[in-house]
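Which chain is which? The protein sequence lines are R and U, in order. Going by numbering that gives the first Met the number 0, the final residue of the first sequence carries number 503, and the count climbs one at a time with no gaps. Going by numbering that gives the first Met the number 0, the final residue of the second sequence carries number 415, and the count climbs one at a time with no gaps.
Keep in mind that a hint or two might mislead.
To be verified - As a list, the in silico DMTMM-like pairs of lysine to aspartate or glutamate whose alpha-carbon atoms are at most 25 Å apart:
(1) U:265 - R:382
(2) U:188 - R:328
(3) U:397 - R:20
(4) U:265 - R:383
(5) U:397 - R:57
(6) R:184 - R:166
(7) U:188 - R:266
(8) U:397 - R:56
(9) U:265 - R:331
Hints are computed from structural coordinates only; laboratory data are not their basis. On a predicted model such as this, the values are computed, not experimentally measured, just so you know.
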Amino acid sequence: MAPILELRGITKQFPGVLANDHIDLTLNQGEVLALLGENGAGKTTLMNILYGLYKPDEGEIFVRGKKIDIHSPSDAIAQGIGMVHQHFMLVPVFTVTDNVMLGDEYVRGGGFLDRRRAAARIREISRQYNLQVDPDAYIKDLPVGLQQRVEIIKLLFREAEILILDEPTAVLTPQEVDELFGIMKSLVEHGKSIIFITHKLREVMDFSDRITVIRAGKVVGTTTPQEADQNKLAAMMVGRQIELQIEKKPAEPGEVVLQVRNLKVLDSRNLIAVNDVSFDVRAGEILGIAGVQGNGQTELVRAVTGLLHPISGEIRFLGKKVTHATPKEFFELGAAHIPEDRQKDGLVLTYPVKDNLVLNTYYHPPFARGVMLHQPSIYTNAEELVRKFDIRTPSVMTMLSSLSGGNQQKVIVAREFSRPIKLLVASQPTRGLDVGSIEYIHHRLVEKRDEGCAVLLVSTELDEIMELSDRIAVMYRGRIIVTVDAKEVTKEQIGLYMAGVVPA
Amino acid sequence: MKIEKAKAQTPQKPLAVFLDEITRSPMMVNILAIITGLFLGGVIAALTTENVYAALKSSLGESLKLALQAAWNTYKALFLGAFGDPQRIVSALQSGDLNAINRALSPFAESLVQATPYIFAGLAVALGFRVGLFNIGAEGQIFVGALAAVWAGVFIKGLPPIIHAPLALLIGGLGGAIWGLIPGWLKAKTGAHEVINTIMMNYIAFRLSEYLLTGVLRDPAKTTPISAPIERSAWIPRLFPDPNRFHAGFFIALFMALLVYILLFKTTWGFELRTVGANPSAARYAGMNIVRSMVITMALSGGLAGLAGANEVLGVNRNLGVAFSSGYGFDSIALALLGNSHPLGVVLASLLFGFLRNGAIQMQLTAGIPIDIISIIQAMILAFIAAPAIIRTIYRLKPPKEPEIRLQTSSAGGSS
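With the hints as constraints, model all of the structure from the sequences given.
So, in structure tokens, the structure goes:
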């Protein structure tokens, strides 16, 4: 039997970049094919070609052995190909039914929308695949995991046979990831075929039938979870051996650097986001804050970096009260901050690399002489940091927006680590990064710890927390519900705490 | 990383790289926008010429010829008006008669006179853009600057020119600065958007000028609401005999452009201001004071616009009448966009507008072509710049590497 989908020699050239270089890909009916590759490897370009958003320069697409041309997403849908984008395409103020119908409306006599019939269809799909989506709910009221299911329903509503899921787990909590895998299982059981784009090795190993790895626009190989292991896949992805497990010495905690007591912080809607939180971070240790996204970590980090002032409680930095200090005062005292949203908070994308490397030190000598910027020093500093931190950029004058995510993050790390610092607050330091960059950042964090820096690591990636932390505090609904020694706890236990199960 | 890969895979010649950069750069769009605007201006000049239609009845070729002639005449008159008559300049230079040279060069000098307020006001708006603020209030700030300068020029008496003129200019700048500071301060304290408040401040400034010109500033000797003449000691000196109105204000404007350039690109303050404009979140993260930056910028921006008004009354008019500005403040928004919010760009754009405006006045006088054609050309240039996709499509330019955001204003302020 012919494979349900076959790509032959797909090539796509962007100005200066060969995004896809003669890619061959086969998807069999009823299987989950993982498309694994680093950011920028060309996964998304390939899928956009398949979905009709880009036109390939060369190559052919076959569906069930028949050559087809795809010029637009509607062509793709007509061929039974549907895609769930990483960023959902939903209208938040519309109901599930309205969103699903959008572009393919059910109409009854007189040109009125037939919501009832559409809703019945959605209920039917939801029941068949155990999606548990209420057609009358408004999108804005649904958690991210359910919104994703609405996207999947949109495809099933249009009778898609081939589903492309672009980084579907990036926005999900660990529980939601498990649920998504359950749904994918039921989809393939019903004969659907799935292409699952990711750069997370564990997910690939846990949940795919075959794995195609692409690197720099080329297919480097196709394997199965039975034949491969995480180290082998990482090596295929990156093109060199990767240390997934980090070697680290036992921590030698020193004096308390950051002391937080009974902290209460409001979020942007004036609701209590951080509720009565207390903890210490000592010199030479990594305190990991685990928790599902949205349990107050963002506000906690903003409070201990001066970006948000708490309504009550106290923050001390090396004994000095800094509860209402400004970000500048935190920096001056020796705090560094790797922000959660690097492009929004940590960088100016329209500035060259050299300016981003002095974003919070520009007013200090040697970068400033009086009120005048001293460009030669700024330039030399950038040249030096680019070399030392292995930032891959054509030059220090290159705009930050043209760097890859990993190299953008390296710019932040280089800037923050090149100052003498006593406290490092790292929030989601590897979110969205490729394996090579993750390995790099992890090593640097442990290195800082070993130098005697106090490190507060906030991450929703359980693996990352387990890997790096000396102690782990779990946040749930604004509170720290437990703090444990990292050596004395299993991943499953932390997973339960993250779900709000309080230890007896 | 992507770029590095590209280099490794397809080694490009330096020239190709250079051409690639040029065709992507926003400056290219601006230059092509000007050319396209001028071209379409000629088309409109031809289309509005009646004998073109009359000739259409007999022969298409004749009609086309007349159309080309109409466009040619328009631009010839515009050119002569803006730069002067080359033959006349050459013969004046040959004769060596200083008076004749002065007269021959006076159209060119008049263009620079027209460009001067544009430079000040264009810098005002450009500075705001750089910091993410949209100062639509330049027009009102020009009025207040002019009012303050006239007050200083009429009522302060007995000072030597070396003190009086700079003082009057400074007071004019301060007047504009206060007018810019108010919306800046309101934004910082309450989050009120400067676009709304600067527009409102414009109306207050217009009515304030009418009130003062019919009241305390009014020249009792005149029947129309016009101020008393400014003391001779407060005049910005004209550098040539009449009818050449070229005055020292042009050099003050160039000097301000240099100062704004140094402030923005060479000082730590400018780094802070630009960062606030480029990414307020990152500025806050980096410990910069966004609110202070915005208030200071609005005051500086207002001050520059105020100087435009002061410059006009002290250097050109020597008194102040109602509605004297005729839209410099609004044109300045176009100038800032045309000049990519860069001081040098603003100066070049101002020169262009100065030449167009002066040329158009002469064109109307000598060739009888309505001055409004210039408004149409300016509007088209601006439309092309505001919608760069049009120009990129017409000339098949490559897309820019940076997202094209010409206007980005921030909503920071208020509670922060």
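Outcome of the hint check:
no.: 1; hint: U:265 - R:382; verdict: holds, 20 Å
no.: 2; hint: U:188 - R:328; verdict: holds, 23 Å
no.: 3; hint: U:397 - R:20; verdict: holds, 22 Å
no.: 4; hint: U:265 - R:383; verdict: holds, 22 Å
no.: 5; hint: U:397 - R:57; verdict: holds, 21 Å
no.: 6; hint: R:184 - R:166; verdict: holds, 17 Å
no.: 7; hint: U:188 - R:266; verdict: holds, 21 Å
no.: 8; hint: U:397 - R:56; verdict: holds, 18 Å
no.: 9; hint: U:265 - R:331; verdict: holds, 23 Å
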